[in-house]
Amino acid sequence: MASNTTSQHISGKVAAYGAMALLLLVIGIPMFWMLSGSLKSYAEIYTFPPEWIPSNPRWSNYSDAWNAVPFGRFYINTIIITAFGMTAQLICGVLCAYALSFFNVPFRNGFMILILAALMIPGEITILPNYLFFGNTVRDLLGLDKNWINTYQAMILPGAATAFGTFLMRQGFMGLPRDVLDAAKMDGAGHLRTLWDVVLPMAKPIVVTFAIISAVNKWNDYLWPLIVTNTNEMRPLTVGLTFLFDNEGNNEWGVIMAGTAFVVIPLLIVFVFAQRFIIEGLTAGATKG
Amino acid sequence: MAEVVAPVSGSGATAPPIATNVDSLTWERPRASIWNKDWFLFVLFMFPNLFLLTLFTFKPAVQNLFISFQRVNLLNNKSKWIGLDNYRYIFDHPTFQQVLWNTLYFTVCTLVGVLVLGLLIALLLNQRLRFRDGARAVVFAPYLLSGAAIGIVWAYIFDPRFGLLAQILSWFSIPSPGWLNDPNWAMPAIIIVYVWKNVGFAATIFLAGLQAIPKDLYEAAKIDGANAWWRFRSVTIPMLSPISFFLLVTTVLGTFQAFDIQRVMTKGGPAYATTTLVYYVYDQGFGNAANYGRSAAAAMVLFAAMLTITIIQFRATRNQVHYDG
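These protein sequence lines map, in sequence, to chains A and B.
Take the first sequence: its position 37, counting from 1, is numbered 24 in this note's numbering, and each next residue is one higher.
Each position in the second sequence, counted from 1, maps to that position plus 162 in this note's numbering.
Simulated from the structure, these hints should not be mistaken for laboratory data.
Note that the structure is a prediction, hence the values are computed from the model and not measured.
Treat the hints with care, as some may be off.
[What the hints assert, rightly or not] Below, simulated SDA-like cross-link-like pairs (lysine to any residue); rule was C-alpha separation at most 20 Å, straight line: (1) B:221 x A:217; (2) B:221 x A:103; (3) A:172 x A:184; (4) B:384 x B:288; (5) B:429 x A:92; (6) A:172 x B:201.
With the hints as constraints, model all of the structure from the sequences given.
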């Protein structure tokens, strides 16, 4: 807010830039500290006062972390969970949102209430029963030799549907211009064609928004994969990193920070290139409407 | 400003917030329903989502309620109906009372931290400054990162002897607390990390709210002779109230579900000092002394708390005062 006199104005600006610098320091330093720690030797970690930038960076921390736990597997597992989980949520969500927006059938509002009811159920109360389901239930139900604990399907399936995405995308679909949809109908387009050629291209922003939300959630998901995996070969990055930390204990900080960087840096790189998209996507629910 | 509803994801991950118009909550007929009845295709479109929701959300929610009335023998998987015993046990247990207190402590402090700092950051970045878009991106970035990963980074920062924070405190000749090893300091440490991670989201939402306030309201207040503080109180605060309420609800629901930071930093300790309700659910279900019935009962308590918040929000947003720009 501009002040009346120039000197007040200038001191206000200086204070604002000072506050901004402090803010960026507080937010940025933990990330800097992670990178700095990831290049420190054991001796450098345990010196006080600590060095800000290690004088001879120890790159071998990265190879040590990579060899201490199977990070290659962790990456593959996270990518599989994210790709399949997001694709499944998009398919389920788009089809369901379309049906709830453009089909004139009885009980449609009843179905909408079902979706809203699902929104109210937190994942925390489904975890124990779902764990039991992928244990003995699914084995007996399908007549399998062993249960599905520690499998990709157990990690992906419970998060494959989406009440939230259905709700969000239905909001987007309902806002589409009516006359374009009428024109498609006049041209004799069926529902599948209308969905693919008319609705999806026009509703692209909201679909992309949901895809971003879904992908970030899957990439960072923690509680369910922690419970349903029991070998390192099946763990995603977030859970695998925890086991590196638990195993190395509170002393090999250099190696642990290198392992943490493996988890954080890919997401930060994506963020640098797509920050506008990602910020708008993740905040879209709150600022639109 | 928009009416808002905070959803709760059914898949374990914390769902981001969503805003909606009240129209769609009152089930008015969709405008574009112009085609003939087409039940078969409708069912086909609905099936994947509804089937999976039924199997992995609705059915387990009901099953969880049943388990909360049972004692499950983990060796032979036989269950015995024991009525309300699990609820009686947890509510009589001092640990659970501490867990409820921890949850309240964590939620209230985090809420105040996220909302107050978020608003201050938004006010700062709403000024005409260079690099403010870049600053907004930097502040937002932690929100995107895995709680498990940043929890580990902060555990290193909090190291009482060789950590970054110990050094910064030493500049001011303040001895570092034991942080994660000290029952009195572990929860503040967790709160600091949680606020650090989530304040950027609140700031971004507040900033969008600030930028949506029409400038002529400020001009009118100025003509009326209102000084900067009065303009803030009489224009900014009321205009931001729907968005503040939305952030309040999403932050509370988020803290009720916060898990990964506690898991990596303290594992609920020391001496249960950082065991919140969701951590208790996990610990009772999958910890060393696993007891499915008690875990399920605690999960029902969590569900009841979250449902209460959501219902309050529904009622409040329905009656909310609106300031249209």
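* Asked: Hey, residue 221 of chain B versus residue 217 of chain A, does the alpha-carbon distance stay inside 20 Å?
  -> Answer violated: residue 221 of chain B to residue 217 of chain A is near 25 Å, above 20 Å.
* Asked: Regarding the pair residue 172 of chain A and residue 184 of chain A, is the alpha-carbon distance no greater than 20 Å?
  -> holds, 12 Å
* Would the pair residue 221 of chain B and residue 103 of chain A pass a check requiring their Cα atoms to be no farther apart than 20 Å? -> holds, 15 Å
* Are residue 384 of chain B and residue 288 of chain B close enough, with their CA atoms no more than 20 Å apart? -> Distance of about 19 Å is within 20 Å: holds.
* Is the Cα-Cα distance between residue 172 of chain A and residue 201 of chain B 20 Å or less? -> Distance ~18 Å between residue 172 of chain A and residue 201 of chain B Cα, so the pair holds.
* Does the structure keep residue 429 of chain B and residue 92 of chain A at a Cα separation of 20 Å or less? -> Roughly 50 Å between the alpha carbons, so the hint for residue 429 of chain B and residue 92 of chain A is violated.
Of the numbered hints given earlier, the model fails hints 1 and 5; all others are met.
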